[in-house]
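First to last, the sequence lines map onto chains B and G. Position 11 of the first sequence, counted from 1, bears residue number 11 in the numbering used here, the numbering being contiguous throughout. Position 16 of the second sequence, counted from 1, bears residue number 16 in the numbering used here, the numbering being contiguous throughout.
Hints are supplied without guarantee of correctness; some may be wrong.
As the list claims (entries may be wrong) - The list that follows gives simulated cross-link-like pairs (lysine to aspartate or glutamate, DMTMM-like), each with its CA atoms no further than 20 Å apart: (1) B:K63 x B:D11; (2) B:K63 x B:D131; (3) B:K79 x G:D67; (4) B:K73 x G:D17; (5) B:K79 x B:E113; (6) B:K149 x B:E38; (7) B:K73 x G:D63; (8) B:K91 x B:D151; (9) B:K79 x G:E211; (10) B:K63 x B:E95; (11) G:K208 x G:D67; (12) G:K20 x B:D151; (13) G:K111 x G:D17; (14) B:K73 x B:E95; (15) G:K208 x G:D63.
As the list claims (entries may be wrong) - Looking from chain G toward chain B, a few residues come up when the C-beta cut is under 10 Å (computed): (16) E11; (17) L15; (18) Y57; (19) G79; (20) L81; (21) S109.
Stated by the list, open to error - Partner residues are not named here, just some residues of chain B that face chain G (Cβ under 8 Å, in silico): (22) F12; (23) P31; (24) A34; (25) L36; (26) E38; (27) A40; (28) C108; (29) P140; (30) D144.
None of these hints come from the bench; they were simulated from the model. Built from N, CA and C at the ideal position, the CB exists for glycine as well.
Chain by chain, the residues run as shown.
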Amino acid sequence: MAGSKHISRRDFITMVTAGVGAVITAAVGLPAIAYLIEPALQSGSSKDAWVPLGKLDSFEVGKPALATFTRSKVNGWEKSVNSYGAFVLRKSETEVVVLSNVCTHLSCRVNWESDKKQYVCPCHDAHFNIDGKVVSGPPPRPLDVYQTKVDNGILSIHFVEG
Amino acid sequence: MLKNLFAWLDERLGLNDLYKAILDRPEPKGNWWNTLGSASLFLFVMQAVTGIFLTVYYTPSPDHAYDSIQYIMNGVAFGWLIRGIHHWGASLMVLVVFIHMIRVFVTASYKYPRELTWMIGVGLLICTLGMGFTGYLLPWNQKAYWATTVGTSIAGTVPWVGPIIEKALRGGADLSALTLSRFFSAHIWIFPAILIALIGAHLFLIIKHGESQFPEKGD
C-alpha cells in the first residue's frame, strides 16, 4: 500500500488514541482548573453595613482612640468572626474622623504613638500623621477613612466588606 | 529544532532505549485480559490526582469533615465531578484489581519466574483494600461512622491481640477525632507511599520478565 492515500491501521489507531486522550484530558482538566481557582472567581458580594462604635461623647476631643468591632463572615462551609479596629479622632465637639488601622502598605495594624503624635506600623516602620497622611516609610497612600454618621449621639461607620 | 532538542536529551537520558524497554517490548499474543494491570495503574493515578484535588477543600476533623464535603459537592465549581470520579473510581479500582488477580490465577501467570510479582501483587491488593477501608470513613457521615465501627470491631475479634489492634486502629477505645485523623493520614500518606513502592517493584518485574504466554491445550 506504499504511496497510496490510505493511512495505515497503526497510524489510525495512534491518531484516534491521541484524539480521544486529548478530549478526555480537556474534559477533566479544565473543570479541575476551575475547581482549584473557584474561590478567586467568586464575585465579591461586597456587603456593607453601618457599624456602631459607641457614644460620640465617650471619645476624647483631640486624641485618637482605638475602637474595635467584629464582623462575621461565611468562608466556604465555615462562619468565622473577624476583629477590626478603627481610630476615632474627634477634631472638635462636632467634627469626627475615623481612620482604618490597616496599614496601606501590606495590611499590618498600625498603633497610635502619643509621644510622637503619629500612627506607626510595626512591620516596616511606616509613619502616618494624626490625619492619616504618610510621613515616612513605604505606604503608597494615606490610611483609609471611614464614612461616619451620628445618630442619637451614637457614632457609626460605614463598613464595606472587601 | 525540536528534533535537535530530543536528540540532545536522548543522548543523555537514553529515552529511546527507555521507550523500547518499557512500552515497545515484545509480547506474546494477548487479548483484552492482558490490559487489566494497566487499567489498575491508570485507576491508581486517577485516584491519586483526584485525591490530591480533594485535599484542597477537605478537612479531616469531626467538626468540619462532613461540612467540607457538602461544600465540595454544592459550593465548589466541579467539586461534584472531582469527588464523583474519586468515589466511583475507588469501587472500580477494587473491582479491576480483583479481576486482574483472577486473570493471573486462571492463566497460571504467577508461576516461575513470576512468583515475586504475584507476592507483591498480594501486597498491592491489600493496600487497595486498605485505601478503600480508610477512605470510607473520611466523609464522616452515619454510614462511614458505623462501617468503621463494625470494621474495627472485626479486627478486635483476633485472639489475644484483638483489643490492641482495635484500639490502635481507632486511636482509643471509641471512634473519635483521633480515628478520623489517623485514617486520613493512612489514606493520603501511608498507603499511597507503600502502593507507589510496590507498584514500582511490580512494574520492574513485569518489564524484566515480560508478560507470560497464556497456557495452551496440553500445558
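We went through each hint and held it up to the structure:
1. B:K63 x B:D11: 82 Å, violated
2. B:K63 x B:D131: 11 Å, holds
3. B:K79 x G:D67: Within the cut-off at roughly 11 Å; holds.
4. B:K73 x G:D17: At roughly 58 Å apart (the allowed maximum being 20 Å), G:D17 and B:K73 break the hint.
5. B:K79 x B:E113: It is violated: about 34 Å lies between the C-alpha atoms, which goes past 20 Å.
6. B:K149 x B:E38: 37 Å, violated
7. B:K73 x G:D63: Holds. B:K73 to G:D63 sits at ~18 Å (cutoff 20 Å).
8. B:K91 x B:D151: The given pair, whose Cα atoms are some 18 Å apart, holds under the 20 Å limit.
9. B:K79 x G:E211: 56 Å, violated
10. B:K63 x B:E95: 13 Å, holds
11. G:K208 x G:D67: 48 Å, violated
12. G:K20 x B:D151: 82 Å, violated
13. G:K111 x G:D17: 28 Å, violated
14. B:K73 x B:E95: 32 Å, violated
15. G:K208 x G:D63: Given pair G:K208, G:D63 is violated - Cα atoms ~49 Å apart, limit 20 Å.
16. E11: 25 Å, violated
17. L15: G:L15 check fails; min Cβ-Cβ to chain B is 18 Å, beyond 10 Å.
18. Y57: Check passed: Cβ of G:Y57 comes within 7 Å of chain B, closer than 10 Å.
19. G79: Holds - the Cβ of G:G79 comes within 10 Å of chain B, reaching about 6 Å at its closest.
20. L81: Given a least distance of 5 Å, the restraint on G:L81 holds.
21. S109: 26 Å, violated
22. F12: 18 Å, violated
23. P31: Since chain G brings a Cβ to about 4 Å from B:P31, closer than 8 Å, the hint holds.
24. A34: Holds - the Cβ of B:A34 comes within 8 Å of chain G, reaching about 4 Å at its closest.
25. L36: 7 Å, holds
26. E38: 5 Å, holds
27. A40: 11 Å, violated
28. C108: 28 Å, violated
29. P140: At 33 Å from the nearest chain G Cβ, B:P140 fails the 8 Å test, so the hint is violated.
30. D144: 31 Å, violated
Of the numbered hints given earlier, the model fails hints 1, 4, 5, 6, 9, 11, 12, 13, 14, 15, 16, 17, 21, 22, 27, 28, 29 and 30; all others are met.
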